[in-house]
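J.: Protein sequence lines correspond, in order, to chains A and B.
Using our numbering, you'd call the opening residue of the first sequence number 1 and step up by one each time.
Using our numbering, you'd call the opening residue of the second sequence number 1 and step up by one each time.
For the record, the hints were derived by calculation from the structure and aren't laboratory data.
Keep in mind it's a predicted model, so treat the numbers as computed, not measured.
Some hints here could point you the wrong way.
Lysine to aspartate or glutamate pairs mimicking EDC-like chemistry, simulated, CA-CA at most 20 Å apart [stated by the list, open to error]:
#1 LYS41(A) x ASP30(A)
#2 LYS41(A) x ASP6(B)
#3 LYS41(A) x GLU16(A)
#4 LYS41(A) x GLU20(A)
#5 LYS41(A) x GLU19(B)
#6 LYS41(A) x ASP63(A)
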Amino acid sequence: MGMPEALRAPNSNTVESDRELDALMARLADGDRSVFAEVFKRLWSPTQRLCMHLLQHDADASDAVQQAMQKILERASDYDPQRPALPWALAVAAWECRTIRRRRGRRREAPMEAADDLIGADAETEHVDRALTRAALTALEELSDTDRETLIATFWDESASTSGPTLRKRRERALTRLRNTFRRLYGIGD
Amino acid sequence: MESATDLTPAIRRARRAYELARARRAVLGFAPVVVLVAAAYVFGDGGPWTTALGLALFACGAAMLWYGRDLKHAVLPGVVAGSVPLVLVLCARQLGDFCTGVSCAALCMDACVIGGVLTGLAVASVANARRSGPRFWLAASALALVTGAMACVCLGVSGVVGLTLGYGAGVVPGLLQRAFAKRSP
Numbered sequence: 001m002g003m004p005e006a007l008r009a010p011n012s013n014t015v016e017s018d019r020e021l022d023a024l025m026a027r028l029a030d031g032d033r034s035v036f037a038e039v040f041k042r043l044w045s046p047t048q049r050l051c052m053h054l055l056q057h058d059a060d061a062s063d064a065v066q067q068a069m070q071k072i073l074e075r076a077s078d079y080d081p082q083r084p085a086l087p088w089a090l091a092v093a094a095w096e097c098r099t100i101r102r103r104r105g106r107r108r109e110a111p112m113e114a115a116d117d118l119i120g121a122d123a124e125t126e127h128v129d130r131a132l133t134r135a136a137l138t139a140l141e142e143l144s145d146t147d148r149e150t151l152i153a154t155f156w157d158e159s160a161s162t163s164g165p166t167l168r169k170r171r172e173r174a175l176t177r178l179r180n181t182f183r184r185l186y187g188i189g190d
Numbered sequence: 001m002e003s004a005t006d007l008t009p010a011i012r013r014a015r016r017a018y019e020l021a022r023a024r025r026a027v028l029g030f031a032p033v034v035v036l037v038a039a040a041y042v043f044g045d046g047g048p049w050t051t052a053l054g055l056a057l058f059a060c061g062a063a064m065l066w067y068g069r070d071l072k073h074a075v076l077p078g079v080v081a082g083s084v085p086l087v088l089v090l091c092a093r094q095l096g097d098f099c100t101g102v103s104c105a106a107l108c109m110d111a112c113v114i115g116g117v118l119t120g121l122a123v124a125s126v127a128n129a130r131r132s133g134p135r136f137w138l139a140a141s142a143l144a145l146v147t148g149a150m151a152c153v154c155l156g157v158s159g160v161v162g163l164t165l166g167y168g169a170g171v172v173p174g175l176l177q178r179a180f181a182k183r184s185p
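Produce the entire structure from the sequences given, and follow the hints as far as they go.
T.: Here it is in C-alpha cells:
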C-alpha cells in the first residue's frame, strides 16, 4: 500500500508558508493585533476547503467556516507557539464541522456543484489533509506504546481476528486517552 | 460561499470574538489576585483606600493581561514583587499585638521602605534579565507599587511615600546597569 498523500513530505513553499503562519499566530497569541487580518486571511482558505471537504454541502460549509474561524481566533490566545499553527487551527475547525454535522442531524446529499468546486482544489485539500494528519499524529505520539498499537491495529482492522472483551476494553481506553490528549493539545471538547 | 475578497464582516466578527475571549481570559487569569486584595483588606486596616487600591490593581492587571505583549509579561513580576512589601507590612501589623504606639508605626514604615527596596530590586533584575523595554518597566512598577500600597496605605500618605522612595532606591541600580549596558558596544 502506498503512503497516504497527507504523510508525504510537504514542499519548501508550504513549509515556509507554515512557518510564517506559526510566527504570525504566535504574535497574535501574545496580543499583537496588527497581524489579525493577515492570520485570518491565511487561515480562511484552508479552513474553507476543510469545511467543504468534511460537510460536502455549500450552505453548511459556509456557516461552518464562519463559526470555525471565530472559534479559532477566539482560542488564538491559547495557541502554543511550540506547535505548528495550521494543524492546530484545522483541528479546531474540524471539531466545529463535527459539531455542526451532529447538530444538523440528518444527513444531506452533497450537491454536484460542491464536488465541482473541489476538483480544482486538490493541492490545497492535500495540504489540509496533511495538516490534520500531523495534528492526529502529534496526539498519537503522546500515548503509550500499547495504546498506540491498539489504535493502529483498530485502524487497519487487524484486531478483527483477536476481538474479544479484553481488546474491546483496551481499545475503548486507548480511544478515551486519545480524545483527552487531542482535547489537551488543541483545546477542543465534546 | 463568502469569497476571500469579501472578508471584512467575517474579520470584524472574529475580531470581536478574539477580544471578548482575551478579556474573559484576562479576568479569570487575574482572579487569584483577589486573594491578595482580600488579605490586605482583612489583615490591613480594611479602609476605603485599601478597597480602592484593590479595585485599581484588579482593573489595571486585567487590562494589561487583555492587552498582551510587554504589558502582559509585566503582570506576574509586578504583582509578585509588590506582594513583598504587602506581606512584610501585614506581618508587621500582626506584631502590633505585642507592641504599641510609635514603635509599631515605625515598624510598619520600615517594612514599607525595605519592602519597596526589595520590590525595586526584583523588578529591575527581571526586566534586565529579559531585556525588556520601558513599557515593561512602567507596567511592572505600577502594579508592584499599587500592590504594596494596599498595605502601606494604613500609615497614610507617609506609608505610600516610604514605599515609593524605597522602590526608587531599589530600581535605580538596575536602571543604571541597563543604561551602561546599552552604551557599551
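J.: Can you name, in rising order, the numbers of the hints this structure does not satisfy?
T.: none
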